[in-house]
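> Here are the chains, one letter per residue:
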Amino acid sequence: MNPPDIVETRSLTERLYLPEWAGGWFLARWFWVVAALLEHAWRVTAIEDAFAAPDMVFTSGAWRVAEYITLEPAGGYALWAGTMLGIAMVAWGGRLTKLGIVLFLVCGWTLGAYEALNVKAHDRLLFWVSLGIFFSPADQRDLTRKYRSPFARRFLLLVFSGIYGSTGFAKAIYDPTWFTNGQVLGLHFLDFRHGSAPIAVWLSDKTWFLLPGAAIAVLWEMTFPLGIWFKKLNPIYLAIGLVFHFTLLATMQVGPFAFVALAAYPAMLHPEIARDLWNRIEAFRRSRQ
Amino acid sequence: MPQEQNTDNEWDVRTTPKRLQGVGLLVLGGVILYFLAGFHMIFRDNVPSWTALSYWSMFTVGSWGNSELTAEGVFDGQRRPIDLPELFPSKWESGYRYSRFKNHKPFLSILGASTCRRHPDAPDRVIFTKTRWAKVLGSLDRRDVVSEVMLDWDCKSSVRLPGGRRLQGTK
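Chains as they are written, first to last, in my numbering: chain A, 1 to 289; chain B, 290 to 460.
Just so you know, not all the hints are guaranteed correct.
To be verified - Straight-line Cα separation of at most 25 Å, PhoX-like style, residue types lysine-lysine; simulated pairs:
id	chain 1	residue 1	chain 2	residue 2
1	A	K146	B	K307
2	B	K419	A	K98
3	A	K120	B	K307
4	B	K380	A	K98
5	B	K419	B	K380
6	A	K120	A	K98
Stated by the list, open to error - Example chain B residues on the side facing chain A (calculated, C-beta under 7 Å, incomplete):
id	residue
7	V312
8	G313
9	V320
10	N335
11	G351
12	G354
13	N355
14	R386
15	R389
16	N392
17	H393
18	A411
19	S446
20	S447
21	L450
Calculated from the structure, these hints are not laboratory results. Using N, Cα and C, we set each Cβ at its ideal position, and we do this for glycine too.
With the sequences and hints as input, model every part of the structure.
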């Protein structure tokens, strides 16, 4: 199937909104379901001890829900059930998708913000990815035959540029050893909770791994906000991102961060590259029939 | 505006309605500014809470120290260890919930009162100790181990919870 002839326009705004192939959003929706389940399903085991405990009640930083409401375990279980229902609605797709995202965000964040002490980076990242899914055409069927607005993809590209860029520049500014001996990575590998896995302990004094690993990671983070926007560099940056996140997953305890980031990657892949990849997959499947 | 054209196999082509395109650009601009604000706040004092979703500092600097929190109870004058993970089993990748803020006395007070309530043998006092040590690259050895009592909590005391409620150490 040949792509549609989209007549070029003159206005800058109209050029910024030229429709893009929407097939990547199908995969993004399903990766989001997996990430959201990994993020939230286990919480049912911690309702009475943590999320709606009658005694260990805290507020911390921005998370001050406990100042205004008191959550009993029954309420905690109800909020968890609402979160799961939201995820199920997104999995079902179609018209339930956006409502499911809203239900997921309201219930999941009420529960998490009430707990207050453990709103993790991957919780916040999933918030942003959820917004991207909400703005996207992921609720529509037959996306591989559709061209849609580039807004949601650009939203996610900016969010990830902000996240990777912030953390990369902060590393370069506040600890130059990321580029001199990589020792900071070794120290993180020995963190009492996040680290200390056998592979991480073994790597923690291996400069041949630490120095290039640390330097490449930080350079990738710092240049992501620029490189990701160029068609030829886009898949390279995403491929490095996959290696980065899953190496961290293999060596440290960082929760489901890799899966949350992965949920956005199919949508962030340049749509023309994504479409060509889809066409190759379809051609291969047809050749096998 | 892009034009739809039917080919042999029809594509469905649509984009953001014109009336919303300006709004969309403002949203994207807002995202950029929001993350710039979050970056500006990294490692500053008094970070405003509205940057909570754009403040992104992950494993930024290295730390040569590790620490853990342990507890002992005083039961009829006898001191013995308390298994905190058994009383507070919820765990994240960053560790047990009870050890989240080892240096924060108000949080430790809530932990103290909760420990008094949850322990089946109802201690008279609970003593929290923070043990810290220096890392040794290439191993899990602990160097320069130092222990410090962070809180000695009387179970007859009460502590303020968020929302103005009070938590009594004894039921």
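> Which of the stated hints cannot be reconciled with the structure, identified by number in ascending sequence?
Violated: hints 2, 3, 4, 7, 10, 12, 16, 17, 18, 19 and 20.
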